[in-house]
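Asker: Here is how the chains run, residue by residue.
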Amino acid sequence: MIYEVTIYEVTTGEETREVELVRAGAGWRCKLDGKELPLDAVFPQPGLLSILVDGASLEVREEISAGQSVIVVGGERFTASVRDPRSYRSRRTREAGGQGVRKIVAPMPGKVVRVLAKVGAAVDAGQPVLVIEAMKMQNELKAPKKGKVSKLNVSEGAAVEAGQVLAEVE
Amino acid sequence: MIYEVTIYEVTTGEETREVELVRAGAGWRCKLDGKELPLDAVFPQPGLLSILVDGASLEVREEISAGQSVIVVGGERFTASVRDPRSYRSRRTREAGGQGVRKIVAPMPGKVVRVLAKVGAAVDAGQPVLVIEAMKMQNELKAPKKGKVSKLNVSEGAAVEAGQVLAEVE
Amino acid sequence: MFKKVLIANRGEIAVRVIRACRELSIASVAVFSDVDRAALHVTQADEAYPIGPAAARESYLNVSRILEAARRSGADAIHPGYGFLSENADFARACSEAGIKFIGPPASAMELMGSKTRARQAMQAAGVPMVPGSAKGLSLPETEVLAATIAYPVMIKAAAGGGGKGMRLVRAAAELRSAFETAQSEALRAFNSQEVYLEKFIDCPRHIEIQVLGDEHGNMVYLGERECSVQRRHQKVIEEAPSAVVDEDLRRRMGEVAVQAARSAGYTNAGTVEFLVDQKFNFYFLEMNTRLQVEHPVTELVTGLDLVHLQLRIASGEKLPLRQADVVLRGHALECRIYAEDPENNFFPSPGKITRLLRPSGPGVREDSGVYEGWTVPLDYDPLLSKLIVYAPDRPAAVARMRRALDEYFVAGIKTNLALFRRILEHPDFAAARIDTGFLDRLPASSRPPQGPAGLSEIAAVSAALFAASGAPLANGRPARRREDHGNGKTSAWQRAARREGTERQ
Amino acid sequence: MFKKVLIANRGEIAVRVIRACRELSIASVAVFSDVDRAALHVTQADEAYPIGPAAARESYLNVSRILEAARRSGADAIHPGYGFLSENADFARACSEAGIKFIGPPASAMELMGSKTRARQAMQAAGVPMVPGSAKGLSLPETEVLAATIAYPVMIKAAAGGGGKGMRLVRAAAELRSAFETAQSEALRAFNSQEVYLEKFIDCPRHIEIQVLGDEHGNMVYLGERECSVQRRHQKVIEEAPSAVVDEDLRRRMGEVAVQAARSAGYTNAGTVEFLVDQKFNFYFLEMNTRLQVEHPVTELVTGLDLVHLQLRIASGEKLPLRQADVVLRGHALECRIYAEDPENNFFPSPGKITRLLRPSGPGVREDSGVYEGWTVPLDYDPLLSKLIVYAPDRPAAVARMRRALDEYFVAGIKTNLALFRRILEHPDFAAARIDTGFLDRLPASSRPPQGPAGLSEIAAVSAALFAASGAPLANGRPARRREDHGNGKTSAWQRAARREGTERQ
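Protein chains in written order, with our numbering: chain R, 1 to 170; chain Z, 1 to 170; chain G, 1 to 506; chain H, 1 to 506.
Since the hints were made in silico from the structure, they are not lab data. Fair warning: there could be bad hints in the mix.
Stated by the list, open to error - Some chain Z residues close to chain H (C-beta under 10 angstroms, calculated; not the full set):
{"no.": "1", "residue": "Pro38"}
{"no.": "2", "residue": "Asp40"}
{"no.": "3", "residue": "Val42"}
{"no.": "4", "residue": "Phe43"}
{"no.": "5", "residue": "Gln45"}
{"no.": "6", "residue": "Pro46"}
{"no.": "7", "residue": "Ser50"}
{"no.": "8", "residue": "Ser57"}
{"no.": "9", "residue": "Glu59"}
Stated by the list, open to error - Simulated pairs of lysine-lysine, DSS-like, Cα-Cα distance not exceeding 30 angstroms:
{"no.": "10", "chain 1": "H", "residue 1": "Lys136", "chain 2": "R", "residue 2": "Lys142"}
{"no.": "11", "chain 1": "G", "residue 1": "Lys353", "chain 2": "Z", "residue 2": "Lys103"}
{"no.": "12", "chain 1": "Z", "residue 1": "Lys142", "chain 2": "G", "residue 2": "Lys353"}
{"no.": "13", "chain 1": "R", "residue 1": "Lys103", "chain 2": "H", "residue 2": "Lys353"}
{"no.": "14", "chain 1": "H", "residue 1": "Lys4", "chain 2": "G", "residue 2": "Lys353"}
Every value quoted in this text rests on a predicted model; they were computed, and no experiment measured them. Every residue, glycine too, gets a C-beta built ideally from N, C-alpha and C.
If we strip away everything but chain R, and leave its shape as in the complex, we get (with noise of 0.2 angstroms):
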């Protein structure tokens, strides 16, 4: 029989682990940061994971939504980065908090109802920035650090992407 050996290294929260899975028949063996980790798996539904790991029977769910990986297991939830050796692209991801310049973005597509501080003006931390609007709500965006808007990307009536930055602080 051959083994197809796979290692993977995953961030959950703070933590980054080295995961190694070796496919064995139906299932996995499965070693974590060098030890092996004695567990049953199976997927009975896409989405879905079984895990049997010394009689604990533990479903596990990965939600994925606006692009981003959470696992939910035992009523916690973990976003979850994975990096796959055959993948380096991976390494950059979320410097959204950067050090000096922090971005405003927008969390959802909608639509710049008001704008409430011009290019220059020092904002406090949490002080309104900019209003959009979705699903007939409306959100205030708040400056994410004490500082001044150094950038304002839209203006009042653009409509925007989820993703998209709309001004920055420094």
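Given the structure of chain R, go ahead and fit chains Z, G and H onto it with the hints provided.
Answerer: Same frame as chain R, but now just chains Z, G and H:
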């Protein structure tokens, strides 16, 4: 815009019809036995079809089991057989009920627990010939016609597959 | 209350009990056979342990493997569900010997009620009305004599039986011998005992049963009746509560007899006393089921109670939280048992993979299911997939609601009896509650051609073409591919079947 | 009874009404905007007609298109659901002028209750207890004066408003001007009227409302209360019946005031009188909603009634089938409103495609949903996806059951507020029913790190790798592919958005 026209020969129950489909943008243009049928069809989910035809909203479902397609619409069930001009094999579909010889077929996987007639025995239509068992139920397989048992392919204790010919009556 | 409960069962009832445990903050332990690793009850439980091969007698009927799992998990109680070991007194005893609470009645009560003949004797002594017949197992000659005296038609029944196994109706002396022998062989296969007995056959009876509930402090109540007259081969197909023919007075009389019967057997926890009711509304003791019934949800919906919660609380020593006066029936509930079987083909079982599953929901709809889309229903066990239950303010509204819910229900990949329920619910006799245990057998088969508007078959034809064009798998008219799919899907199951001595009782 | 009913709505409530029609053998007619062709209410109805572009004001608020569909289909009645045109008296009038029965109260009652200021005057006249404040629309200067007299904190509210739009709390004079202006602009955008008025702010009030139901023959009953104190930005999030703090006496007093208020407005059909209840259990009239409420199911579960069936029967001229004495509350019901929004990100809406949807079921669980797996939730309407409702014998059991049901619920592809409900239901104050309209705003955000057993994060890591290895799409760590998916999924929606003047009220 390029139209791809496909013509199907569809048999539901007794009737066989010619259905002509033309992809038109997201939807379809459709002719039934040559005459235009103005309907709006979308597939909300796999196996599910939503048809609007002059106001009426019809939810059509396709049940597939034991290799047979049943179209369910308006509370009625239609056994459907589609002949795509591009696949010719399909002429030979269900010649189960021949004239002279009639077969007794296992309708599900299971086990033969009793054989009630010998080869050559005269049987009435509806007379039990075998008993097979699955899911803790015993089921009698009856003679499809008056005649004599011409063939007996299994004996008690045999495991049988769905669709397997167990006996013949002529 | 218990810390951890092992559920010695599978399918919908295992999931039902697991849900109750979760709601009571009790850890749940599932057990599973080799073919059930991905079953819903395994993925839903807090813990799960393998207990052997597919064959029930090597897994779900395997007392030592189950007790081993209980010990290993540290479970302090076992819920047996229904079927399998639920009415096995030896298992109940083995549990208490292992220091694990069996959630059910005392072994002694199970033994008494477990033998139909001993039960008859005890019930007769307790003054419970009985159908004329033999109170003990009979030989063929004895049967012939007694049948002649109480006059045909008569019923032959397995002494250890249940659910229609080893049961035969005999209308004339000529049929007696072969019926007797079939009954014996079925009884032997199903219950490892070929003992059978004889009963007068009541013509067009209704099957009406009383739910009783008793704690371990001498308190016992009845929770009204369920009518289960819609049966096929003595298997319940549709159940309802309340019964359309039971009034306050009859309910009280049947209820009090049921409680009396249960008390005389030293009964505790949940149980059901089944009666036959003739056309003059005389009722006769049929049997007592010493476990939770498949159809318990209809009682829950009209009483507002949760029977599994109450089972767990009673078994842990709590007092009944209600008195008879607190039991009030409100509205009407119906249950349809959805089986993997083909009503258009003599109800042959239809195991296999569920490729699509859309479930009804909305007002008054409850589903207790043991399956999911993508699950392959094994051929080794009872074909019950799910129970669809509805509640509405009155019976006509409940019937209408059930029809609505059935229209929303969609299963592809395997055959189910869904279409049968539509035919039953459309039938004027069912709407008028003119039902008896023969109703379903008299219902004509559905081989009638579609009745709908002419346009419907045209729409069906176009739809079939659209499914084909859209690339949705259209099995028919593609014999080559079909054969493959088919083979792959089932081969392993057939091989297992070939290696096994047939199937087991559950 | 009606032959054919058009439902002038979309989403779960349209499906709810369609189901009721089916159960009463009434043909149902859906209407849909361009983005809703494949919506559940369209596929479930017997007929369906397009009524215009995505923007609600051009479709679901487009009276002439809707009446045209009604005439074309030959509908003899229209059910407006909630939101959209449900509280629009002109629409109700247009219906009756078109000879189509509007299923709701008379236009006059809608107009009276529709203007908060006129309603206050009428209710005051009818002797209904009121919160101190202005009974009419105010200018900024007037507001400043009155606010000073009744003393801060005060509330500014849109006269035509509802559901928290155009509503602002003002704790000090300094905040008044900006709050006043925001309220006006929101009011204008939402209701096409910038009229606002002022009210004394009651500290830590409970929101408790009474369901009333009246026929067109002068009979009216109250169906107990619902507590809706768990709110975010004055939007209800969890509702329950009965309220843990309402005893028989308070229920009777509130119920009688509610009936009196409804009678004084010449009200018929289903309506809800909302009250604020302070810490001394004084109650003050808030507003009357002249339509079916989102949260009506909790009342159905504890009364055993079907409010939509009753709406249809009353509107068709039938008498109320019950008297006040027949209304009995039993058990406890909870409802969670499941929204397409991200509780971990300030509740921003999260439209998009639902890639996986697993729904809870089993004992005591009801789901009223408007979506299905594979449906793309449009960004044009209210983000309510579904309502999860549970029933149990008492409140603690209902809370436990809701937690169980939430654990079974699984949505992927879009964000939902499911995780929020778990946090609420785990909170000791909610368990103890120590809730008021500020409860949710005080609830700490869930940014806390996972608490579970250490092993859990290891399992999560391994699982992430297994999902990746199994070929299940794992978005993160695959930025290139992610960007694509993302773009394709939404581009068209953005383009539509760009072509529209923002979004519409529903």
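Asker: Are the hints correct? Go through all of them and say.
Answerer: Consistency of the hints with the structure:
1. A least Cβ separation of about 14 angstroms between Z/Pro38 and chain H goes past the 10 angstroms threshold, and the interface hint is therefore violated.
2. For Z/Asp40, the interface hint holds, the least distance from its beta-carbon to any beta-carbon of chain H being 8 angstroms, beneath 10 angstroms.
3. The beta carbon of Z/Val42 comes within 5 angstroms of a beta carbon in chain H, closer than 10 angstroms, and the hint placing it at the interface holds.
4. This hint holds: Z/Phe43 has a C-beta 8 angstroms from the nearest C-beta of chain H, less than the 10 angstroms allowed.
5. Interface restraint check for Z/Gln45: the shortest CB-CB distance to chain H comes to about 5 angstroms, inside 10 angstroms, so the restraint holds.
6. Checking Z/Pro46 against chain H by beta carbon gives a least distance of about 8 angstroms; that is within 10 angstroms, so the hint holds.
7. About 4 angstroms separates the beta-carbon of Z/Ser50 from the nearest beta-carbon of chain H, less than 10 angstroms, and the hint is met.
8. At a threshold of 10 angstroms, the smallest CB-CB gap from Z/Ser57 to chain H is about 4 angstroms, leaving the interface hint in force.
9. Taken as an interface hint, Z/Glu59 checks out: its beta carbon lies about 5 angstroms from the nearest beta carbon of chain H, inside 10 angstroms.
10. A distance of roughly 34 angstroms separates the Cα atoms of H/Lys136 and R/Lys142; the hinted pair therefore is violated under the 30 angstroms criterion.
11. Simply put, G/Lys353 and Z/Lys103 have alpha-carbon atoms about 27 angstroms apart, close enough for the 30 angstroms limit, and the pair holds.
12. The suggested pairing of Z/Lys142 with G/Lys353 holds, with an alpha-carbon distance near 28 angstroms, which does not exceed 30 angstroms.
13. For the hint linking R/Lys103 to H/Lys353, the alpha-carbon distance of about 27 angstroms falls within 30 angstroms, and the restraint holds.
14. Taken as a hint, the H/Lys4 and G/Lys353 pair is broken in the structure, with Cα atoms around 40 angstroms apart against an allowance of 30 angstroms.
The earlier numbered hints that this structure contradicts are 1, 10, 14.
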